[in-house]
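Trainee: Guided by the hints, dock chains U and Z onto chain F, whose structure is given.
Protein chains in written order, with my numbering: chain F, 1 to 271; chain U, 1 to 802; chain Z, 1 to 150.
In short, the hints are calculated from the structure, not lab data. We put the CB at the ideal spot given by N, CA and C, even for glycine. Check before you lean on any hint, since a few could be wrong.
What the hints assert, rightly or not - Computed list of lysine to any residue pairs in SDA-like fashion (alpha-carbon distance at most 25 Å, straight line): (1) U:Lys735 <-> Z:Glu150; (2) U:Lys735 <-> Z:Ala121; (3) F:Lys29 <-> U:Asp733; (4) Z:Lys143 <-> U:Arg8; (5) F:Lys29 <-> Z:Glu150; (6) Z:Lys143 <-> U:Arg502; (7) Z:Lys143 <-> U:Pro684; (8) F:Lys29 <-> Z:Ser69; (9) F:Lys29 <-> Z:Asp15; (10) Z:Lys143 <-> U:Gln23; (11) F:Lys29 <-> Z:Glu2; (12) Z:Lys143 <-> F:Arg186; (13) Z:Lys143 <-> U:Glu37; (14) U:Lys735 <-> Z:Ser69; (15) Z:Lys143 <-> U:Met685; (16) Z:Lys143 <-> U:Asp11; (17) U:Lys28 <-> Z:Thr41; (18) Z:Lys143 <-> U:Glu668; (19) U:Lys28 <-> Z:Ala78; (20) U:Lys443 <-> U:Asp11; (21) U:Lys28 <-> Z:Lys143; (22) U:Lys735 <-> F:Arg186; (23) U:Lys735 <-> U:Asp449; (24) U:Lys735 <-> Z:Ala147; (25) Z:Lys143 <-> U:Ile732; (26) Z:Lys143 <-> F:Ser99; (27) Z:Lys143 <-> U:Gly142; (28) F:Lys29 <-> Z:Thr41; (29) U:Lys28 <-> Z:His91; (30) U:Lys28 <-> U:Glu668; (31) F:Lys29 <-> Z:Pro18; (32) F:Lys29 <-> U:Gly142; (33) U:Lys735 <-> Z:Ser149.
Said to hold, decoys possible - Some residues of chain U that are not near chain F, with every Cβ distance over 12 Å (derived): (34) Gly18; (35) Arg39; (36) Asp68; (37) Asp162; (38) Val195; (39) Gly450; (40) Gln455.
Residues per chain are reported as follows:
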Amino acid sequence: MIPAAVDYLRVESAEAAVAALGEHGDEAKLLAGGQSLIPLMRLRLATPTVLVDVGRATGLSGISVGGDTVSIGALTTHSSLEHSAELAAACPLLAHVASVVGDPAVRHRGTLGGSLAHADPASDLPAAVLALGGTLVVSGPGGSREIAATDFFTGFLESDLAADEVLTEVRVPVSTGGWSYQKFNRRAQDWAIVGAMVAEGGAGVALVNMASTPIRASSVEAALAGGASAADAAAGAADSTEPPTDNQADGPYRQHLARVLTRRALEAAGA
Amino acid sequence: MTDTLDTRTLDEASPFTGGIVGQARLRKEDPALLTGESRFIDDLVLPGALWIACVRSPHAHARITSIDSSAALAADGVVAVYSGADLEGDWAGPLPCAWPVTDDMKNPAHLPVAVGKANYAGDIVAVVVASSRYAAADGVEGVVVDYEPLEAVVDIEDAASDRVVIHEDCGTNVSYDWALVPDPDAVDAAFADAVHHVTETYVHQRLIPAPMEPRGVAAVPSPHNGDMVLYSSTQIPHVLKVMAALTLGMPEQKLRVIAPSVGGGFGCKLNVYAEELICMALANRHGGAVRWTESRTEAATSTIQGRAQRQTIELAADADGKLTAVRATLLADMGAYLQLVAPGVPLLGAFLYHGLYDVPAYAFTCRSVFTNLTPTDAYRGAGRPEATYAIERAMDALAIAVGVGPDEIRSRNFIPTEKFPYDSPAGLIFDSGNYQPTLDRAKELVDWDGRRAEQAERRAAGSTTQLGLGISSYVEMCGLAPSRTLAALNYGAGGWESATVRILPTCKVQVVTGSTPHGQGHETSWSMIVADQLGVDPDDVEVLHSDTAISPLGMDTYGSRSLSVGGTALWMATEKVIDKARTIAAHMMEASAEDLEFSGGVFSVKGSPDREVPLAGVAFGAFTAHDLPDGMEPNLEAQVTWDPGNFVFPFGTHIAVVEVDEETGAVELVDYAAVDDCGNQINPMIVEGQLHGGIVQGVAQALWEEAIYDEDGQLRAANLADYLVPSAAECIDMKLDHTVTPSTSNPMGVKGIGEAGTIASTPAVMNAVVDALRPHGITDIVMPASPMRVRRAIEMAGGGAS
Amino acid sequence: MEVSVTVNGTVRSADVEPRTLLAHFLRDDLGLTGTNIGCDTSSCGACTVLVDGRSAKSCTLLAVQADGSDVTTIEGLAGDDGLHPMQQAFHECHALQCGYCTPGMVMAAVSLVDEYEDLDAAGVREGLEGNLCRCTGYQNIVKAVLAASE
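The following block holds chain F by itself, in its conformation from the complex (with noise of 0.2 Å):
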């Protein structure tokens, strides 16, 4: 199928991104790797009228380890957290989740800040950022703000971030505790139907595909913290979740998946 007709602007920086986003108002939509919304515009189940492409805007990628910190441009794509030796090294569990997002060819295009962007509650690296405490740096009209990954993702595909915003930089916390990700689908290719992500030995733990955005399993991180053991800790894992229902499970099959899943990242991680 084909995208309807649709405007087209490429801008070099941030803040000239910001400005089209400005001028163009609800209209627009920002571009960078396209890997989900291309998809949507050929189903014309997104129709903007102007594209602002930021895909070769300067400065927005790259993965740079300071102290306990990782700085990752938003534009880096999954390909490049995949292969990062530093990431490897720094966040296992980043490098790991991004190595499994859709298939190659879509990880040479898809980039880490258009994924958090884009904010489906079924895609991996948004709730990897989520479990791992991280923090979004935006920039708008009134310069940068930043963004904790648990107030970041507001409902179904939205975000606190504002409509002339741009996402530019993701951090997240050097962690290199035990971690795991279950991701639990039909075919390698797909979303997951539900995963579990943990973090730093359980201190974070998030669900993918839960709810209307990734969640924390905050009662799962409660009881770890408690000391409870993985099993009895992932027994809380759908507590209070209200999980979709779609072709592939509905919410009692979620929620049960969460907790398996659960525990299984758990034990694989060492918590």
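Mentor: Here is chains U and Z on its own, set in the frame of chain F:
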């Protein structure tokens, strides 16, 4: 374990002595396909062609109250918009159904563009004509159609109840009832006397064939000359030519149909589709080329789907588990309209619900109904996967009832080798068979006993990852088909095939076949057959096909018929050419034709090896015609149209080993063995390839694929993100072996293999899944065995605490 | 708008609508019809090409995004000395039947072998997760990619 059960690809008595047939020869088709040189339908360059896009009903069942195309007509590039009413006068008749299986079958008029009412989500209600594919897509957005939604009939039992009647003029949703009960009293008596009586009910979900190339059409008219070339991504250019000419009221001799490179079909391109007729009609109206390329979403909603049946099968057996009768009842979903051969699909399975077992009494009945869903029709195996599934699942149930293993119950019931040719209880004659070795070998390949021991260990240990083993032994009828048999089944055409073999003056060879390949490698196999017979290099044999101007006679490719019917015609035509060449050679050598032998491309006089004429000399002699026998036509060419006297019956045994994660419900295929027998193998590499792909397609029915519809008749799996065609990551290496039991239905001793993998594999996998879950008391999982279904079944059985 | 892409070593320019998919640009504007389109959702990989040396789905990329990039299509793979080793391996292993998925599968495989070292069968299977084939059951494709990676 021996390396190979049967190292032969050819029986000793095969007619092939040239050393070419039976070899794993690489394909001629590959270089063009590997480099992008091949031309698929969307690759055609047609200057000035108009593009169409279809406005399709979003409702499964709705009256069309108004169509406003003004916004579309105002859009850039849009040339015209047509409603069903606008085009009603362009059709000489509705879209064809060629298989009225009963005299009173209900067949509602199916117009290419619906008039008044849409009967499934995807039914075409208007057509946009535009200057480009992009403009046509935009035009669709500008057509405003008002609908009055009606209640949709989605469930087939509900359809059969006639609570809502879809086609008012039919007065019922039942299209037909059909029965094959040769001796009802014998069946009743067998069930009355049965020690074991097994009754099983199975559901075949709807499947989307999903060849990687969607369909496409281009109609190129010559308005002043009155002729037209129709390009279509079709399996059946020959059938399409006849049907399109009739439907459009066009003189058949003015229509030429070309199937360019076709990117897979699996049955779904064995049809006459609305878009083909629409492009032709609009090409006439606009006086120029009109084309259309299907989107994947359209391929899901508007190309035929497969399976969609509910089955009840009953087995009667004696105390030893020896079958005494099989009774099968079917409820089949035709969808909203009858497509080309849809009513016949259940009949293609009707003769096989007793599988490869020696059963004295047999009964089959079928009811087919309309629903407000996409029409169904032939999908890889067409009827035979359904039949095989029913009997092979039920045999496992019988084994449990009798208290023997699934292997033993099969061995006790196989048709004994000495009974071939076997008069089947359904009235067929099975040509040849030797079933037990395939079961023995398949067990060996998967280490059946070792796996059984491992299964017992896991069960004893209470492992959450359980093992299951599933057997499927099958026989299928293919090589469609003897024309008189088709006549008895009310089919609207014959089952013959045509071939021409033409030796050119330079002794290169042209072959024209009526078969229409779309991935099967005919060019390679056909050239091997002819080269083997003529003693020439296969590279010197060119195979022409898929264009009705080049190959005017043909019945095309489906039902695993190409080799056993089309290949046989080819073999016969080559023999005919050799006979003619022999007469010419005899004349050239002043010898008697009976005294000549032909070997390695050379005619020689028996007993006088120095007196010889190469085929090349004969070919040139036929060309110059300077000295031919009196009355002989100056060419070296023969054409044969062959009508088979019987079907062919390939068989084999497949065994699947699965692991079930009882916590998540996930099923993983961990081992798979297939031992098949398709008689003599022309090219074993191609045979294996057909099996690999066929097996995965059948496994996909068991584990992944389902055209999920909601209660309103909306397809919830209308793209390849939601319809789970498996990738390499979900599949495993399969272990293949074979036996060679030549067919007696054709002189080459060959049987079809294109559908066998799909027919065999689905029940093997499902038997394995159920075998893994049997300790829970689970006896069935609805296909596909999705993790949620498996997990739910375990929970319902009271097992696997969360 | 004007787009200029180096395709198979030659700079090719055309005036396209911004919404033009790279796949349509290659096929309709440049006549490189070896790149096939098989789906609407970035699922099947039939349209896979190399963009700056790495696999990309050309139906999930606008031509304008590829402006200035280096694109290799299936037509650019075979050289004067014959088929590319990956094409040759597909031929020798009977890794194609209808051939529609083949250009994308071959391009994905070329990229995969270049990107990952020491691929085993499982790695090839995972690496080709985004390319669907309906004919071969993948067994011979995996065999071919392993053969070509040696």
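Trainee: Check the hint pairing Lys143 (chain Z) with Arg502 (chain U) against an upper bound of 25 Å on the C-alpha distance.
Mentor: Roughly 38 Å separates the two Cα atoms, so the pair is violated.
Trainee: For Lys735 (chain U) and Glu150 (chain Z), compute the direct alpha-carbon distance and say whether it is at most 25 Å.
Mentor: Satisfied, since the Cα-Cα distance of roughly 23 Å is no more than 25 Å.
Trainee: Measure nothing beyond the straight line between the CA atoms of Lys143 (chain Z) and Gln23 (chain U); if it is 25 Å or shorter, mark the hint as holding.
Mentor: Holds, at about 20 Å.
Trainee: Below or equal to 25 Å on CA atoms is what counts here, so check Lys143 (chain Z) against Met685 (chain U).
Mentor: holds, 13 Å
Trainee: Within 25 Å, alpha carbon to alpha carbon, are Lys28 (chain U) and Thr41 (chain Z)?
Mentor: violated, 33 Å
Trainee: Hey, Lys443 (chain U) versus Asp11 (chain U), does the alpha-carbon distance stay inside 25 Å?
Mentor: Holds. Lys443 (chain U) to Asp11 (chain U) sits at ~24 Å (cutoff 25 Å).
Trainee: Given the proposed pairing of Lys143 (chain Z) with Pro684 (chain U), does the C-alpha separation stay at or below 25 Å?
Mentor: holds, 17 Å
Trainee: Taking only the CA atoms, is the gap from Lys735 (chain U) to Ala121 (chain Z) under or equal to 25 Å?
Mentor: holds, 15 Å
Trainee: Between Lys29 (chain F) and Glu2 (chain Z), is the straight-line Cα distance small enough, at 25 Å or below?
Mentor: With a Cα-Cα distance of about 21 Å, the restraint between Lys29 (chain F) and Glu2 (chain Z) holds, given a limit of 25 Å.
Trainee: Can you confirm whether the C-alpha distance between Lys29 (chain F) and Glu150 (chain Z) stays at or below 25 Å?
Mentor: violated, 44 Å
Trainee: Does the alpha-carbon distance linking Lys143 (chain Z) and Arg8 (chain U) stay inside the 25 Å limit?
Mentor: Between Lys143 (chain Z) and Arg8 (chain U) the Cα gap is close to 24 Å, so the pair holds against 25 Å.
Trainee: Mind checking the alpha carbons of Lys735 (chain U) and Ser69 (chain Z) for me, to see if they're no more than 25 Å apart?
Mentor: violated, 44 Å
Figure legend: structure checked against the earlier numbered hints; hints not met, in rising order: 3, 5, 6, 14, 16, 17, 27, 30.
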